[in-house]
Amino acid sequence: MDKIIIKMKKEVREKIIEICNRFNNNPGELINVLHATQDFLGYLPAEAQELIAECLHIPTAKVYGVVSFYAFFTMTPKGKYPISVCLGTACYVRGAEKILDAFKKELNLEVGQTTPDGLFSLTCLRCVGACGLAPVAMVGDKVYGRLAPADVKNIVKEYKDLEAANA
Amino acid sequence: MDTVKLTIDNREVEVPKGTTILKAAQKLGIDIPTLCHFELEGLGVHNRPGGCRICVVEVEKRRNLAPACVTECMEGMVVKTNSIRVINARKTVLELILSDHPSDCLQCAKSGRCELQDLAIRFGVRENPYIGGNHEMSSYQVEVSPSIIRDMNKCVMCRRCETMCNEMQTVGALSAIERGFPAVVSTAFNQHLDHSPCTFCGQCVAVCPVGALTEVDHTSKIIRAIADPTKKTVVQVAPAVRVALGEEFGMEPGTIVTGKLTAALKALGFDYVFDTDWSADLTIMEEGTELIGRLTKFLAGDKSVPLPILTSCCPAWVNFFEHQFPEMRDLPSTAKSPQQMFGAIAKSYFAEKIGCKREDMISVSVMPCLAKKYECSRDELKVNGNPDVDYSISTRELARLIKLANIDFTALPEEKFDSPLGESTGAAVIFGTTGGVIEAAVRTAYEVITKKPLPKIDFEELRGLEGVRSATVDVDGLKLNIGIAHGLGNARKLLEDIKAGRSQFHAIEIMACPGGCIDGAGQPQHHGNSDIIKARWEAIYRADREMPIRKSHENPSIQAIYKEYLGEPCGHKSHELLHTHYFDRQTTVEVDVDKK
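In order, the protein sequence lines correspond to chains G and D.
Numbered as in our numbering, the first sequence ends at 167 without a single skipped number.
Numbered as in our numbering, the second sequence ends at 596 without a single skipped number.
All clues stand as given, with none of them false.
Below, simulated DSS-like cross-link-like pairs (lysine-lysine); rule was C-alpha separation at most 27 Å, straight line:
#	chain 1	residue 1	chain 2	residue 2
1	D	K493	G	K3
2	D	K303	D	K451
3	G	K3	D	K499
4	D	K382	D	K573
5	D	K382	G	K3
Some chain G residues near chain D, calculated using beta-carbon distances under 10 Å:
#	residue
6	K3
7	K9
8	R13
9	A48
10	Q49
11	A53
12	Y64
Worth flagging that the hints you see were computed from the coordinates, not collected in a lab.
In this text, a Cβ means the ideal position worked out from N, Cα and C, and glycines have one as well.
Construct all of the structure, not just a fragment, from the sequences and the given hints.
In structure tokens:
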């Protein structure tokens, strides 16, 4: 029955405290704080949620309630090369679902998961404003347009090769 | 007061402005069904999310049906609560709720007293059109903690528990999580209650309409213990149980059933039937002496004395300050709760007296409380791993045992508690409600300090059901400032005042449940009827008035145990057996020095 102490890297702890301060530690800004924290860390680990709860003086359960409600927030770390497949209307009618299935098969992943080697993660999003190129997928900031399921293998290979070259 | 006139089911009614359609209909005797809506009038408890939509009604000139529990009455409104459109909509709402709810009602702990089951009966549900197809019910593991069982597949998202945990108690262990079918009320990261700030007050269980939150049931263990010829069973009964147990057998709320309760426990086969009221008197001797001790030092000029002294009888409250205000844990009295004092004496003094080895004694408590189950499992309240209290059962569990044993409770004769741990005073019985512990303490402290008899035993100024109360008691010239809070949210207010240096109190009594133990989470369910709680409250003070002795220090059996065994209050032996210590259990995020 001891005090529960959660450990966190100094720079991470300081950055989250700074984010909370930027929003005046206002509980009403919880979603903005979570956005900024996820921007910084790539995901929202339990420790980060505990610290945000402490700074904003709200229960951790409430923070987790919001994180688990919105599909945008994730508690799984994103891969080094995060893949987002657009499922917006234009992409969808031009076969985005087949593109998504091809990525799932190629990487053996479900949406929201990350490969065990930490290289790739798979998410969906709604419209990147490149409907003329539909169907569209993004890897990091790079946009791939007019995709066919057969292109998926090459895209994945491109990053695996890049990784091998850097190694 | 401004009022509005409206028509409900062709009948006119006038209500104060701001009244909901639900309340206005109740005034006409129209019982609109509800599920998520919950209120305890006069105790500051209300849950009105308007979420379940069971209470929808048709309002003329409005396109959509309106939820009666959150829609305010307007002048000239014409409301229909039973049109075909309403009935169909309500039934669909219920069927949708049932489509994500298990239908194994026969095995459910709530069967027979489940509000969802009541609705299904009322609406005549015979089949569910929404089962099947792509339907996926949520699948959570059943979680068992020392006090509470959580079966989240049965959660209907009424969010009453969340309201109790966050608004009433400000504990913050529970929140709505996830969305769609998996949406339930749970802890952060859906972790075990043991790893959350849960105090086990059980108010979530007290308000849960379905079987999602229930108490840990020890009834089969009790039956086994009684049947074991190698064990001596000793049972104690808390004060609040005697003013509520009768409800489980159809008796009027507020009926005092002490005699029948004693007879029932003897009929169940307990070897010794004793009273927690006895150890409540003992608590007053210890806690009262501690209060006088701290006050005397303080008045002599020692400003380092931890004041105000806070009561420590309520285990949920102890959990609360250990989690939320650990830096102030020198303030509460170190006296154990009456349950634990009883257990400690039963397994030492009494065990020696009857020549029974500690491990051959099974000590059972009947409590209005679920946190008591957790309390008796605490390591520091065990001797070599053997707990002072083996099992704590709720008032509801006792009722189940009595029914199981074919005992006709209402026909039982009145019997008396056994001696020597059964004698008690009026001061002890008022432990069962808010303000009672401090009143009992003041009755004794007054006479010990002044060495004069109390001019008036009843301290009306300490009684009532307002969440936070204060009073100044004149102890022969010494002005004693007393604070009282029930409900942990109210306790928090007093604690923050102390923290900020704004508190003028010398002593504060805190109970975690609204109304105190009379509305503990182990009591018969009140389903939002606060008249039941008020009836129990009155019964507690009636029981006090009926006692021949009404001050703890005049209890002859208490006087005897000090003479014979304990020595003096707060003496060496008392400290060993009757006092405890508290822990810092706060969760904090700190820098990991190892990983830089």
